[in-house]
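Chains as they are written, first to last, in our numbering: chain S, 8 to 405; chain A, 238 to 467; chain E, 2 to 384.
If you are wondering where the hints come from, they were derived from the structure by calculation, not from laboratory data. All residues carry an ideal CB built from backbone N, CA and C; glycine is no exception. Watch out, some of these pointers could steer you wrong.
If you want the footprint, here are the derived chain E segments under chain S, 3+ residues with CB under 8 Å [stated by the list, open to error]:
| hint | region |
| --- | --- |
| 1 | 14-25 |
| 2 | 95-106 |
| 3 | 154-163 |
| 4 | 265-275 |
| 5 | 281-289 |
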Amino acid sequence: MPVPLRYNLRSLFYRKGATFFTLIAVALTVAVLAILLAVGRGFEQSMSLSGRDDNLMVLRASASSEGESVLSREDVNTLSGLSQIARNAAGEALFAAELYAGLALERTTGGSTNVPIRGVSARSFEIRDQIKIVEGQMFRPGSREVVIGKNLKDRIQGCRLGGVVKVSNENWQVVGILDAGDTAFDTEIWGDGELLVQIFDRTFYNSFIFRAAPGTDPGLTPEKSPTKVATGLVKYISDRLGAVKILSEKTYFVDQAGFLGGTLSAAAIFLTVLMSFGALAGLFNTFLAAVSGRTREIGALLAIGYRPMHVFLGFLAEAVLLALLGGLLGILIALPFNGIKTGTTNWGTFTEQAFSFRVDQSVITSAIILALLVGLIGGVFPALRAARLKPVDTLRRG
Amino acid sequence: MSDHPLIRLAGVDRIYTRGNEELHVLNGLDLDIQKGEFVALMGPSGCGKSTILNLMGAIDRPNAGQVLFDGEDLSEMNEAERASWRARNVGFIFQAYNLMPVLTAVQNVLLPLQLTPLPRAKRRAQAELALQIVGLSERMNHYPNQLSGGQEQRVAIARAIATDPRVLLADEPTGDLDAKSAAAILDLLQELNRQNGQTIVMVTHDPKAAERAHRVIQLDKGRVVGGHAA
Amino acid sequence: MNIPWRLVLAHTKRRWLRSTLTIVSVFMTILIFGILRSFIVGIETSVAEASSTRLVSASALSLFAHLPKRLEGEIAQLPGVEAVTHWTWFGGVYIDSSPDHLWGRFGVDVPSMRKVYGPDLILDDEVWKRFEENRTSCIIGADLAKDEKLKLGDRVKIVGNLFPGTVDVEIVGIYQSKVRSFDQKTMFMHWDYMNELSKSAGGRQDIVSTFTMLLKDPGQAGGLAKSIDTNYASSSNRTLTQTEKMFQAQFASMWGNLPLFFSILGGIVIVACLMVTANTMMLNARERVQEVGILKTLGFTPGSVSTMALVEGLLLCLVGGALAMAVVRSFDGKMMMFTILTVPWRTIAEGLAIAAGLGLLSGFIPALLTHKLTILDAIRRRA
Ligand SMILES: Nc1ncnc2c1ncn2[C@@H]1O[C@H](COP(=O)(O)OP(=O)(O)OP(=O)(O)O)[C@@H](O)[C@H]1O
Ligand SMILES: [Mg+2]
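With the rest of the complex left out, here is chain S:
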């Protein structure tokens, strides 16, 4: 179809002022969306990659996070006897009873936060085999030493190799830095579980985690509400220890992401919807003005023999092109944010969550889709108006 594209392209450059303003408005809108999505993605990614499917966590049924779960030493003893626990090459059962709490520490940028501290046991590292010590070394069991996640480094006071973090009234040495592949563990401090349980003046652990033997069916974990009936392994354990829930480590972290993730995506949707209106209005105004300003030119096109459909498509293409250019510019604006580390409190757990902005393919796709939508919606009406012009009218208008 002979759309007068060249004509439409020229006119974009002809109306420089309006083209520029509209381009920037679309670009900034797309940039804001991309940046917000990048935060959400970074955060979600850190959570969804955190756990393995075959690592199962046992928590109190009413606990919505590890910090709220209470398992006594007896409970742990019972659990460690489960036949569903996988064993390593040396024949040792792969389970760990862990303490989880928030340690009040200062951010290097000022202000305090609660950094998650995990009291781990001998098999904790083996169960999370994706975690590696990248600097320094492991803490020695029974000593006042910790290793810290790489996302804490330099963001929290004392969190660097050779640094000191205050646990109760004692100074604990940072002897190693671990890399858990940008997951939630990268925001945690790990130390000896037995020792930490004493320091925290506790008689209990928070969670029990084990590598499930192949074919293990955890049974039906009551969804959210603790009043529903459990089955399978969940029922087996609940009958002995009181109501528990069993979920894969992966599911657990994805659930934890929900709260902050939900907040962020709500903010993203809210801001994007409100802002898109501005970008749309800009496009709309520009093209409506273009149509009335070019009334005579459109008349000439129609007189030459172009059909209204051509005029419609020409204007629509012009709007979409402008919006897409804006979208690309917006992505360019958002790109430098990729990889920037930030942190905030996840109010679901009351602990610090560090994560990186992640401008990945899905973010870019969403940004382009937004630009495309803005272009299409903002272009359709003016294009329709252009197509509806009658040659007679166009020539009469002064």
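Following the hints, complete the assembly by docking chains A and E with the ligands onto the known chain S.
Same frame as chain S, but now just chains A and E with the ligands:
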């Protein structure tokens, strides 16, 4: 009556520069317009007729020479002074009517009256009177696009005379009109001149229009090449 | 200065779609600004309105750690302490663990709570008495009552996790607070009751989250805080004692740079809106070149003609801004993300100032062009 003319152009040069090209449109032009005169300016296209009108109306400045209005040198005033001087002394009528499309006839006529110290009610009365003079009392609340070309031009005339200016400057006021409407506009201008002693300077290509004037000035290449009483 | 007002209005009406779209763009922008700002002001106000004459002691170890209840007696003995009360975070699950039902529930000691916090709350003497006398009763904030559709006489059941056992209490009072530092989305019940419950279920007992001290002389806050903390520095119950203001500030700071992040985004939103309004004004100016010529010919000064362009931009933006701030103002006092949205007049003035700024900035270039435009150019250029 004073001994000097209402408008005097003395040794006026007007040079347009486009790039490094200079276009001498007016070259030492001398021209007098007496109070109460109805003068027609004629000449081939591009000879500088509109330029002269613009100088008389203080919307353009000469490169050399003087434009004196009632003995006062217009080129010595700054932009703001010239603006308020125009508001008090000149009424413009253009070929293309140049009405505000977003305002009704009476609102268009009220526009220059807003610049006068008249009270509100008086302005309104003045505007209605002006429209009555041009015969458009019925069409007061119409928008320009609801009027014919001749009617639009009459609104433009009403706007020009509403402030009771000392001179009417009309640039091809009948240029866009059919013969009948043109005649009506010329009747109107002639009547204003005869009954109120309104000074009028009118640019025209139409010899029939020029016949209505007291005096016709023929121009060519920025010079007066002839003049005669009509 | 003579400004053809009627013409300004007529233009705005004539291009009603453009004017409306521009107004709505400004409305959306100022709305975004207003909500972000009232969130940030809300965080700040919760700190600013917190008392600096009350001290709060918590475990220095962690928000998750507790202090033994027995410290209460020791602290009460300290010179300068008028009264001590304690709060204990119960946690637990109400209905389900979704964020909708995630509000604060504390075990407290009613008589001392009334002494220390009574002045911050609107609650009848009679209600206080009923609350005190009924061990399985609770009071809840007005916002909580609204959000969870709870009313006097309803029973609230919460399944414990930090403390085992299910609490089952009756609502005997609904409080409102006089200060923004005390939110209206919290439930208070008897500490004795929940402690008892936990004890009998084999859970933890005789521990509290925080102690709050009312001081005889606010001037002594610093000294007293220090003496409490040094007192317990080498025990296993290391305390961190701060004024209530600083205690609140610690929660505010837990947001990290999220507020800053949102402020930056808010700034980008405003710039994007400037593009839209500036575009509108440029389009207007482009269409009105000839009119400007006529106005100047008629004797309107360059100043008044330029002012026209400025005024039109200002008008559009202020209408959008004023509507937005009216909406934002109606959010005052609502809870969003654990924060009481706060909209003081200052925020409204800021919103209007930004709207005015948008109007002036976007009218500026057209006004300048209009100012410079000579009559000859204007008349010559047929739009
Ligand atoms: N702003 C300008 N810049 C450059 N040249 C100009 C400008 N204004 C007028 N001219 C030139 O000056 C000459 C005289 O113009 P003017 O408009 O006075 O002619 P005119 O006699 O009114 O012609 P017409 O009868 O066609 O209206 C023309 O050659 C025109 O091209
Ligand atoms: Mg001419």
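Tell me if chain S covers the region 154-163 of chain E under the three-residue, 8 Å CB rule, please? holds (count 4)
Examine the region 14-25 of chain E for residues whose CB is less than 8 Å from any CB of chain S, and state whether their number is three or more. As far as the region 14-25 of chain E goes, the hint holds, because 5 residues have Cβ atoms under 8 Å from chain S.
Counting residues of the region 281-289 of chain E that have a beta-carbon nearer than 8 Å to any beta-carbon of chain S, does the count reach 3? holds (count 5)
Is the listed coverage of the region 95-106 of chain E by chain S valid when you require three or more residues with a beta carbon under 8 Å from a beta carbon of that chain? holds (count 6)
So is the region 265-275 of chain E in contact with chain S by the C-beta rule, three or more residues under 8 Å, or is the coverage claim wrong? holds (count 6)
Against the hints set out earlier in the document, no violation occurs for any number.
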